[in-house]
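Novice: Given next are the chains, with one letter for each unit.
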Amino acid sequence: MANIQETIAKQFPEVEFAQGETLELNVPDAKWHDVAAALKNDFGFDNLRALIGMDWGEELGIVCYLVNSKTYEMIRVKVVADGRENPFLHSVTDLFTVAGIYEREVFDFFGIKFIGNPDMRHLFLRNDWVGYPFRKDYDTNPTLNPVRLDHEETEDTTVEYVEGADGKIHKEERVIFAPEDFVVNIGPQHPATHGVLRLRTAVDGEEIKKIDLYLGYIHRGIEKLCEGLTYPQTIHFTDRLDYLGALMNSHCLCMCIEKALQVEVPRRAQVIRCIMDELMRLNSHLLAMGTFCMDLGATTMLFYALRERETILDIFEKTTGARMTFNYNVIGGVRQELADDFVSDVKKLLEIMPKAIKEYNQVFTGNVIAKNRMEGVGVLTPEAAVAYNVTGPAGRSAGWNYDVRRAQPYGIYPELEFDVVTCTEGDSMARFKARITEMEQSCRIIAQLIDNIPEGEICAKVPKVIKLPEGHWFQEVETGKGAFGCYIESTGTTSPWRMKFNSPCFCLAGVVDHLCRGQKIADLITIGGTLDYIVPDIDR
Amino acid sequence: MQDLSFITHWIDNLFRVVLGCPDWLTVTLECVLLGVALLLVYAVLALFYIWFERKVCAAFQCRLGPNRVGPFGVLQPFADMFKMLIKELISLNHVDKFLFALAPFLVIVASMMAFAVLPWGNGLQAVDFNIGIFFLLAVSSIGVLGILLAGWSSNNKFTLIGALRSGAQMVSYEISISLSVITMVVLSGTMSVQGIVHAQDHCWFIFSGHIPAIIAFLVYVIAGTAETNRGPFDLPEAESELTAGYHTEYSGMHFGFFYLAEYLNLFIVGGVAALLFFGGWMPLHIPGWDGFNHVMNYIPSVIWFLGKAVVITFVMIWFKWTFPRLRIDQLLSFEWKYLMPISLVNLVLMTLVVVFGLYI
Amino acid sequence: MEVTTKSMPYEDWKDNEYIESLVNELKASGTNVIVGSLDKLINWGRSNSLWPLTFATSCCGIEFIALGAARYDMARFGWEVARSSPRQADFMMVAGTIVHRMAPVVRRLYDQLAEPKYVIACGGCAISGGPFKNSYHVLKGVGEILPVDVYCPGCPPRPEAMIYAIMQLSRKVKVEKFFGGVNRKENQKEFLKNHPISETTN
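Chains as they are written, first to last, in the numbering used here: chain F, 1 to 540; chain S, 541 to 900; chain Z, 901 to 1102.
It is possible that some hints are incorrect.
[As the list claims (entries may be wrong)] Each computed DSS-like pair below joins lysine-lysine, with the alpha-carbon atoms no more than 27 Å apart:
| hint | chain 1 | residue 1 | chain 2 | residue 2 |
| --- | --- | --- | --- | --- |
| 1 | Z | K940 | Z | K914 |
| 2 | S | K697 | F | K209 |
| 3 | F | K168 | F | K209 |
| 4 | S | K697 | F | K210 |
| 5 | Z | K927 | Z | K940 |
| 6 | F | K520 | S | K637 |
| 7 | Z | K1040 | F | K467 |
| 8 | F | K371 | S | K637 |
| 9 | F | K520 | F | K210 |
| 10 | F | K371 | F | K358 |
| 11 | F | K209 | F | K467 |
| 12 | F | K358 | F | K467 |
| 13 | S | K697 | F | K171 |
| 14 | F | K136 | Z | K1040 |
| 15 | F | K136 | Z | K940 |
[To be verified] In silico negatives: residues of chain S with every beta carbon more than 10 Å from chain Z:
| hint | residue |
| --- | --- |
| 16 | C571 |
| 17 | L604 |
| 18 | Q616 |
| 19 | F622 |
| 20 | K637 |
| 21 | S748 |
| 22 | T788 |
| 23 | Y790 |
| 24 | L824 |
| 25 | D869 |
If you're looking for bench data, these hints aren't it; they were derived computationally from the structure.
Glycine included, every Cβ here is placed at the ideal spot set by N, Cα and C.
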């Protein structure tokens, strides 16, 4: 790390350094692209994990987290834009492909325009939306943005801001779909999009030429809402992001707050959280597998998968009282003591699961039609996985051996024995199989813990009124879909100044176009199903 | 074997002799009667299949299936039909109105005409052409026209893709169906439906026709499943890709026609398979077991026919709820690269079998 | 007249007053014998064959899948024929949050449903905006843009609650009158008049 600081300081004397959780760089906008290039090419920080728009009150800007895909080191970069009226920043889309949609998100919410991003359109909000909602001075007057029942116009062109040789910035028009393209509108209400995702798809016969992604059909503004709530109140939102990773998401937020408060979580709570996380992962993968098979036409598999899922939900329900939105993790530990028959129920589940997995493989995985539909479809290379920031089972099956549980260990995962499931094919079959193997690994983790739940407190003593010190924290966990991150910036009050949920599904949705080009329409369903994105998690 | 033609003779006699109707009136009245009877059976069978499929798939999926409306939910499809009959028929603005309205009728008329020539029982058949099976093939291919028109006239991209898929699929698989039918015609030596049944008097073709008959049967069942647009070949209406395929824009009874025709086509494919390979309404006869054959003869021929058709369609429903869907290119290459060459070779094989008298 | 469904005693229902008021209205308007029995037949068909539109935006949608699965099995009631095309569906279960960008789409889906059509607002978000009601981008209930027939609370509602909601809808359908009079068409027309689509682009 010291090495990076020295070299960068030599190359770019304007860059300021600080040491927080990670090495922190404060880069002026003019040098941002060059610094990013140096970090990527010289130090291997080739994965843009998060690009977070910020409004510090006086000034706007972005905070980036870059990860070295080999050594898993992480650094933070802060870039501030000039002024609030018409802020511009340089784009890093050419270095990190995923920056393309991250920057569109920031443009949508903060109004920062990125020079060199080939597509500066709204991503989440309507074209005719007034104002930038995440700015602190956003006018919430409902008459400005009433509920409109007219349909927004679909645009076939976009703009790019280009910096001329003289430093002047001008707009250039870019074509998304040419008039002769046969564009099929898939979504937002479509059975295969797993929620309200809209994909405008240009097809040539049955072959896909291009996909244009429209988000925001379930954008609920959770991050903005959090800014008006106290820390304990924000936790319930995490259950409603990726509702199939509810416990893992809230685990992430709680850990982030605990890190800021420097609270030690009792060991019993740690173990419970870990078991719950893995049960949740089973739940998530089961549903992902089931709905994917249904999309492929094998409806019966959905019902087989849901049969086991109900058993898991029963276990949750006995302890937490809910089937989907649990509110189980609280700051400092967990909310309730385990149900009396928790241990025996989980053991029963562990007995069922291997048989069930065998059955799934018999019914579906070994089927010749299923093989033909999945093998070689939507091949993701490890380089593309890093560039598009595809984490989780999808990234690992492409050959990028990244699992937050190993890369940035948290909780009691370092003590546990499990394999990070990695394959090299990168096609839909690999993604599908990776999920099944991960279910086996989850069972293995649970089996290690279930007999060794220590006695003790389930929740640490935390102050009645929770105030975080001034500062910023970033915490990641591995959910069923990938690396879920939580970023908190605090000014020392009871509510966050900015809270950002960095969702894995957002990046998964961003890679759909790349994977689908040249494939058939039916493969879009295969690819979407094996990527397994949850739309409310994309939109937040 | 009891000859059920006494019923038709009795009715004919009633009109001509008892009521003293002239010839033209008798024929007209008989046609009307026959039409009504066929329509009734058609509707009841379609509703039965709707119920049957829902129950069977529920059983595969560890569920119960309809059980609230009537005993075992048997009235469920009737409730569905009543609702569908009075549901709004949405008239759309940007469609070809005439073709849009015509398409569902084409589909249902095609399946009804094919339905009419099935051999229901000994002496129970609307018309016994000398080219019955040929007629059946011909009329059942009108259905694809209805589907193409439905998809095209709806002015919707999903329906258009669905219709084109369906066109490609049905036209291709028609070849395999025809070839396997011809294979069996070679064996039976006649195209008349009753003639084919009678040719299996002593032994069903699936047993007597050696290996070529079994191959033809497998090809026929696969191609027949594809012909009815059912899973794993349900691409034209692939829910997860094309919403509801070619009938996305149809509502109310127009949709009801597609829905009924789908299930009836299932029955027709089952019925034709029963006719060609399992002796139609002919009871199970094993040469030499006279006592057994005699007992079998007591079961009415209608039950034999329906039973065989239902068993074959059950297998096809089983396919649907087990296999995932094929992709369009895989579907077509399966037909053109495997099924069609196999059936061509099979046709030659069968000819050899017949020429050398190798069949039983 | 006690309006109930199979194996559910009348006393176990909630909101019996509302159904009774509909029944009284039905009686007050008087019916002719033939039309009356025809109505009964039609209502029997309609109330027993409610096909949902596959429409879900968030968590409630997953519970809706669970409703179709083996444990809850909505097929028992004949509701499992979930149609993806709104033209063929009977009711729309608004399962999940409806946001500003989605609102025109939901409204269009509703307009595309063929009559008779019904709406169930399922879950806190669809009823009132739920936990997100303070957001700049969330509708305070789908009732703002659609005439809702049944509200089903919960976050998300349990599958049992969903079954109850659809059964209530089925009960409401049973006291309709096909030929004018007691049906929700009048309210529906009034509602749609008050909530126009500002300009139609397509």
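Novice: Does K637(S) lie within 27 Å of K520(F) when you go C-alpha to C-alpha?
Specialist: Violated - the C-alpha atoms of K637(S) and K520(F) are around 32 Å apart, more than 27 Å.
Novice: Is the straight-line distance between the alpha-carbon of K940(Z) and that of K914(Z) 27 Å or less?
Specialist: This hinted pair holds, its Cα atoms lying about 23 Å apart.
Novice: Does K171(F) lie within 27 Å of K697(S) when you go C-alpha to C-alpha?
Specialist: With a Cα-Cα distance of about 34 Å, the restraint between K697(S) and K171(F) is violated, given a limit of 27 Å.
Novice: Is the Cβ of S748(S) more than 10 Å away from each Cβ in chain Z?
Specialist: Its Cβ never comes within 10 Å of chain Z, the nearest being 42 Å, so this holds.
Novice: Quick one: work out the minimum CB distance from C571(S) to chain Z and report holds if it exceeds 10 Å, violated otherwise.
Specialist: holds (31 Å)
Novice: Is the hinted pair K697(S) and K210(F) satisfied, with a Cα-Cα distance of at most 27 Å?
Specialist: Cα-Cα ~16 Å, so holds.
Novice: Take a quick look at whether K209(F) and K467(F) sit within 27 Å of each other, Cα to Cα.
Specialist: violated (51 Å)
Novice: Does the structure keep K371(F) and K358(F) at a Cα separation of 27 Å or less?
Specialist: holds (17 Å)
Novice: Does D869(S) really sit off the interface, with its C-beta more than 10 Å from all C-beta atoms of chain Z?
Specialist: Non-interface label on D869(S) holds, nearest chain Z Cβ at 24 Å vs cutoff 10 Å.
Novice: With a cut-off of 27 Å on the C-alpha distance, tell me whether K136(F) and K1040(Z) pass.
Specialist: Given pair K136(F), K1040(Z) holds - Cα atoms ~23 Å apart, limit 27 Å.
Novice: Are all beta-carbon distances from Q616(S) to chain Z longer than 10 Å?
Specialist: violated (5 Å)
Novice: Run the C-beta distances from L824(S) to all of chain Z and say if the shortest one exceeds 10 Å.
Specialist: holds (35 Å)
Checked against the numbered hints above, the structure breaks hints 3, 6, 7, 8, 11, 12, 13, 15, 17, 18, 19, 22, 23 and satisfies the rest.
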